[in-house]
Amino acid sequence: MGRGRAKAKQTKVARELKYSSHETDFDALQRELSSSSSDDGHEDTKRYTEDPYEDGYDEYRR
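Note that full-length UniProt numbering gives residue 11 to position 11 of the sequence shown, counting from 1, and the numbers run on in steps of one.
These are calculated hints, taken from the structure and not from any lab test.
Bear in mind that the values here come from a model prediction, so they are computed numbers and not experimental data.
Beta carbons: idealized from backbone N, C-alpha and C, even for Gly.
Do not rely on the hints blindly, as some may be mistaken.
[To be verified] Restraint ranges, calculated between C-beta atoms of paired labels, are given here:
hint : residue 1 : residue 2 : range
1    : Gly56     : Leu33     : 26 to 32 Å
2    : Gln10     : Tyr57     : 37 to 43 Å
3    : Lys18     : Tyr53     : 45 to 51 Å
4    : Arg61     : His22     : 30 to 36 Å
5    : Thr11     : Tyr57     : 47 to 53 Å
6    : Ala8      : Glu50     : 50 to 56 Å
7    : Tyr19     : Pro52     : 48 to 54 Å
Could you build all of it, start to finish, from the sequences and the hints given here?
Encoded structure:
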């Protein structure tokens, strides 16, 4: 029964985020994305997912 106040606050915050004008620093975003793309660590995960018989259910078969 006490959800009305919380929902009203969430609606207010969502409306502020939707309609307020935020200035995005696209240069900083580009620097962050370009620096993380060279060192994101996806090369190690590729090695473990190359097994054609791996289905991800080994821990549940015990």
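Status of the hints after comparison with the structure:
no.	hint	verdict
1	Gly56 <-> Leu33: 26 to 32 Å	holds (30 Å)
2	Gln10 <-> Tyr57: 37 to 43 Å	holds (38 Å)
3	Lys18 <-> Tyr53: 45 to 51 Å	holds (48 Å)
4	Arg61 <-> His22: 30 to 36 Å	violated (49 Å)
5	Thr11 <-> Tyr57: 47 to 53 Å	violated (42 Å)
6	Ala8 <-> Glu50: 50 to 56 Å	holds (51 Å)
7	Tyr19 <-> Pro52: 48 to 54 Å	holds (51 Å)
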